[in-house]
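Q: Each chain, letter by letter, is given below.
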Amino acid sequence: MKLALVVSLSFHEKGEEVKRQLEGMGHQIVMPPSTVVNHEGKLVHIKEFDRFRKETARDDQEEVWKICRRRMKAYYAKLKWADAALMLNYTKNGIKNYVGGNALIELGAAFFLRKKIYFLNPVPDMSYREEMLGMKPAVINGDLGKIA
Amino acid sequence: MKITLCGSIAFYDEMLDIKKRLEASGHEVKLPPVKVKDAEGNLIPVKEYYEIRKTAGDDEDWVWDRKAEAIMSHFKKVEWSDAVLVLNHDKKGIKGYVGGNTLMEIGLAFFLDKKLFMLNKIPEIFYKEELLGMKPTVINGKLEMIK
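These protein sequence lines map, in sequence, to chains G and A.
Residue 123 in my numbering sits at position 123 of the first sequence, with consecutive numbering throughout.
Residue 32 in my numbering sits at position 32 of the second sequence, with consecutive numbering throughout.
With the rest of the complex left out, here is chain G (with noise of 0.2 Å):
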């Protein structure tokens, strides 16, 4: 199966490992990537140019929200490709199984592409859980196995 994963960029490297568990196992995987070219032409580690949007870049840093545009298009373009898209939903921020904006956004495209959804670990308690619920993922609980 062709699966593109949803994962926060904390986790990066946890959905490195399951990319590779789920190659192990047959399937084609893609993940957004862990480099890009940052405002000044330079590229650099995903987390790097997180770490400076977070903290340093302004709200009208106009070239620094291309790049976010430009990643989140790209993105767009891999859940079309795939079958199915698969939730690393891990425990961060003190709220356990955790579905950040980003993902919910993608989750959402996957939705309205009629891919197939799965979450990592159970539908977590957030604002959102109606919505999340309401697009019928299949909780596979850690077991890769389950997705075919």
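Just so you know, the hints here were simulated from the structure itself, not pulled from any lab data.
Backbone N, C-alpha and C fix where the C-beta goes; we use that ideal spot for every residue, glycine too.
This list has only true hints and no planted wrong ones.
To be clear about the criterion: a stretch of chain G counts as covered by chain A if any three or more of its residues have a C-beta under 8 Å from a C-beta of chain A, and this derived list gives those stretches:
(1) 52-59
(2) 67-76
(3) 94-102
(4) 105-117
Fit chain A to the supplied structure of chain G, relying on the hints for placement.
A: Here is chain A on its own, set in the frame of chain G:
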């Protein structure tokens, strides 16, 4: 222009008012649904469905089937449109609140290259960065900015 309104159903009266005003300016406007089918297939007001949904278990299939239908139905309206206008009124103590469903609709509009308008300023909410990134035009209540 074809415009789909996105926002909380709690502000449906405000939505209807904005719909009328936009239509008077020559736009075609679509809204979220005002009725959904209950477990027996009878139409009930969407506010009544929301109350049922708040206490529904994860396994009450008809409830989540309706939610799925509602999400897709409004996504299709976003796809139909040239632009979405997000009616982000104050809610839950947050100025210019944008809920999860509306966030997904904005995201879809962004992916489909629709124009994005927001009635009020982008809220101070944990997904503010995602909203900023999608660069909606904040119209501060001025519908004439929509073109």
